[in-house]
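Taking the numbering used here as reference, the numbering of the sequence shown is continuous, increasing by one, and the terminal residue is 624.
By construction, these hints were calculated from the structure, which means they are not laboratory data. Computed from a predicted model, the values in this text were never measured in an experiment. Keep in mind that a hint or two might mislead.
[What the hints assert, rightly or not] Straight line, CA to CA, 20 Å or less: simulated SDA-like cross-link-like pairs of lysine to any residue:
#1 Lys383 / Gln415
#2 Lys81 / Gly91
#3 Lys162 / Val200
#4 Lys93 / Ile340
#5 Lys520 / Lys477
#6 Lys81 / Ala7
#7 Lys317 / Arg9
#8 Lys475 / Arg440
#9 Lys93 / Phe305
#10 Lys520 / Ser565
#11 Lys162 / Leu117
#12 Lys208 / Gly164
#13 Lys162 / Glu207
#14 Lys477 / Pro499
#15 Lys520 / His566
#16 Lys208 / Gly147
#17 Lys529 / His443
#18 Lys317 / Tyr128
#19 Lys475 / Ala388
#20 Lys162 / Val282
#21 Lys356 / Ala178
#22 Lys529 / Thr480
[To be verified] Listed next, with one range per pair, are the computed distances between beta-carbon atoms:
#23 Leu117 / His21: 28 to 34 Å
#24 Arg144 / Arg183: 20 to 26 Å
#25 Glu234 / His423: 56 to 62 Å
#26 Glu283 / Asp607: 37 to 43 Å
#27 Pro604 / Glu186: 34 to 40 Å
All C-beta atoms, glycine included, are put in the ideal place defined by N, C-alpha and C.
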Amino acid sequence: MAYRNIRDCVKDLEKHSHLIRISQEVDPNLEMAEIQRRVFAAGGPAILFERVRGSDFPAVSNLFGTLDRARFIFRKTIRRVQALIGLKADPSSGLKNPANLYFALRAGLNALPRRVPGGAVRYRRTTIDRLPFIKSWPRDGGPFITLPQVYSEDAFKPGVMQSNLGMYRVQMAGNDYRTNEQIGLHYQIHRGIGVHHSRAIEKGRPFPVSIFVGGPPAHTFSAVMPLPEGLPEVAFAGALAGRGFRYSVDRNRDRLSDSRLRQVVSADADFCITGIVEPGLLPEGPFGDHLGYYSLAHEFPVLRVTSVYHRKNAIWPFTVVGRPPQEDTIFGALIHELTGPMVPVSIPGLKSMHAVDQAGVHPLMIAIGEERYTPFEKERIPAEILTVANAILGFGQASLAKYLWIAAHQDNPELDTHHIQEFFEHMLARVDWTRDLHFQTSTTMDTLDYSGESINRGSRVVIAAAGEPKRKLGTDVPGLHLPDGVSDLRCIFPGVLSVKASPFRSESDRSQMEKLCAALSGQKSLLDAFPLIVVSDDSEFAARNLDNFLWVAFTRSNPSHDIYGVDSFQEFKHWGCRGPLVIDARVKPHHAPALETDPEVDRRVDALAASGGPLHGII
6 MAYRNIRDCV KDLEKHSHLI RISQEVDPNL EMAEIQRRVF AAGGPAILFE RVRGSDFPAV
66 SNLFGTLDRA RFIFRKTIRR VQALIGLKAD PSSGLKNPAN LYFALRAGLN ALPRRVPGGA
126 VRYRRTTIDR LPFIKSWPRD GGPFITLPQV YSEDAFKPGV MQSNLGMYRV QMAGNDYRTN
186 EQIGLHYQIH RGIGVHHSRA IEKGRPFPVS IFVGGPPAHT FSAVMPLPEG LPEVAFAGAL
246 AGRGFRYSVD RNRDRLSDSR LRQVVSADAD FCITGIVEPG LLPEGPFGDH LGYYSLAHEF
306 PVLRVTSVYH RKNAIWPFTV VGRPPQEDTI FGALIHELTG PMVPVSIPGL KSMHAVDQAG
366 VHPLMIAIGE ERYTPFEKER IPAEILTVAN AILGFGQASL AKYLWIAAHQ DNPELDTHHI
426 QEFFEHMLAR VDWTRDLHFQ TSTTMDTLDY SGESINRGSR VVIAAAGEPK RKLGTDVPGL
486 HLPDGVSDLR CIFPGVLSVK ASPFRSESDR SQMEKLCAAL SGQKSLLDAF PLIVVSDDSE
546 FAARNLDNFL WVAFTRSNPS HDIYGVDSFQ EFKHWGCRGP LVIDARVKPH HAPALETDPE
606 VDRRVDALAA SGGPLHGII
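The whole structure should be built from the sequences, with the hints applied where relevant.
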């Protein structure tokens, strides 16, 4: 039987040695988050915090802390969902393997939501301040709900089959929020709830929103699932849970607008917060996010709380986000496993794509596409893969990719987007910087990415390479003469050099990149094997490993402003360079600060890991 709630999952994980309990009281202010980060990094078990200081409820984290455990949680239902997706991608698969038809039918029946008169979640009411107030990073603006399922409906087409269920962070207290009366809703650009909010404003109606926490783990996972528009997440939640999404409806009259509103309550959730989005905005944040920096305080919508329900013996699930990898990395891996068959169907010519977690997801997308447009040409050049790249940039959340590197499948049919260094070496051996750079210089950008000109605004670049290798990549650091302020030349991996430059304090410091490129112009013969140079504040750190390179190079640069080139030129609106490409990945004054832990909290968690402590032998 599939899980009906988090407690079912906790019992099952504990039975199979996938979960430990911490019975001593733990502080939700930074301490629980630090424990979670360390246990995840160690590949450890799920953690049940039985006594959370200041709260009436226990909490659990690291449920999805390893891919094997995530597969274990969904072991009874995931084959059905895979069969359903497989049939969508290739209808003939049902004829080849009739078992797939059976599994898909079962998943389809469970996808149908079911309205019920009440539900376990209505056991009792509570208030926001009695919930676990978990703060993850020292500069966070307050406690946040980090595994919410935020539910909304279309004002013009109300009903669960037109709903959106998304994971948008929720600030529970702090800033200017009135405790127990208001909580902050942060939804980024290109999110389904934003469409619903706009529709409510268009209709002149209040905008009711419900926030579910807990319930079947499938409900939590469904809130991050990138589904095509028109397919409600609650349907996927039922299919993956092996039990249709159960809900009830409150019909409340809003005292401010005197409107009778439909507020949906997930019957199987551990907690449900209902409310109405207020007309104005309030500052939300800061919040340590999955790019590895703080997203700063900005004005976002506010939910006026109408009810807070919880089930008997409710457990509060949470996670911690920060510089990858974190637990949300596992979500991404599982999503890839499930949706992989749909990629070639969704975008013709696309073989695979990978939003790179180590670079914060949206800052870097790598892809492989077919190159079949001109098979009679003597030399293969990027053509069809540029069409594919444009399709990627118009496809759901992939449209927020800042750097999109795309290779031609025909050049190496064995190339894999999840073998990241191999992919970069393939690209760098073939790229022609005079031809293969394609910029969008003023466009939308991920809300959490502060490398651009302002919130939600920045640039992107497509780098498309096809054909035979043009160079052999080098690893021996060349003996270059570097200008003043530039030093510590290192090789990150074949074809990529790292240098340190003096700090970027103002716009005038951009001239240092021009001086670097000018100095290297006369030394191009030494750089034939190194088509890419990354400039940072700490060359040793950037070159230490692949993850550091990905994080530094792509989270700290805005393509239109921070890409330079040796012997660069502009011709008929096209920019390119005849020598190496140079990315200025120094920290800029407008960037958000990187995440750091609290030393005192670190010491307290060290004590928990000492001999006799509950985490001894785990972290």
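Regarding the pair lysine 317 and arginine 9, is the alpha-carbon distance no greater than 20 Å? This hinted pair holds, its Cα atoms lying about 13 Å apart.
Distance restraint hint 37 to 43 Å, applied to the beta-carbon atoms of glutamate 283 and aspartate 607: Since glutamate 283 and aspartate 607 have Cβ atoms about 39 Å apart, the given range 37 to 43 Å holds.
CA of lysine 162 to CA of valine 282, is that 20 Å or under? 18 Å, holds
Check whether the Cα positions of lysine 475 and alanine 388 lie no farther apart than 20 Å. 18 Å, holds
Is lysine 477 close enough to proline 499, meaning Cα to Cα at most 20 Å? 9 Å, holds
Quick one, are lysine 93 and isoleucine 340 close enough, alpha carbons at most 20 Å? Roughly 16 Å separates the two Cα atoms, so the pair holds.
Hinted pair lysine 81 and glycine 91, Cα distance within 20 Å: Measuring from Cα to Cα gives roughly 17 Å; hence the hint holds.
Does the alpha-carbon distance linking lysine 520 and lysine 477 stay inside the 20 Å limit? 27 Å, violated
The hint says 34 to 40 Å between proline 604 and glutamate 186; measuring C-beta to C-beta, is that right? 35 Å, holds
Hint consistency between lysine 356 and alanine 178 [alpha-carbon to alpha-carbon, up to 20 Å]: Not OK: lysine 356 and alanine 178 at ~45 Å, beyond 20 Å, violated.
Going straight from one Cα to the other, do lysine 529 and histidine 443 come out at no more than 20 Å? Roughly 23 Å separates the two Cα atoms, so the pair is violated.
Holds or violated: are the alpha carbons of lysine 475 and arginine 440 at most 20 Å from each other? The hint holds at about 13 Å.
The structure shown violates the earlier hints numbered 5, 9, 16, 17, 21, 25.
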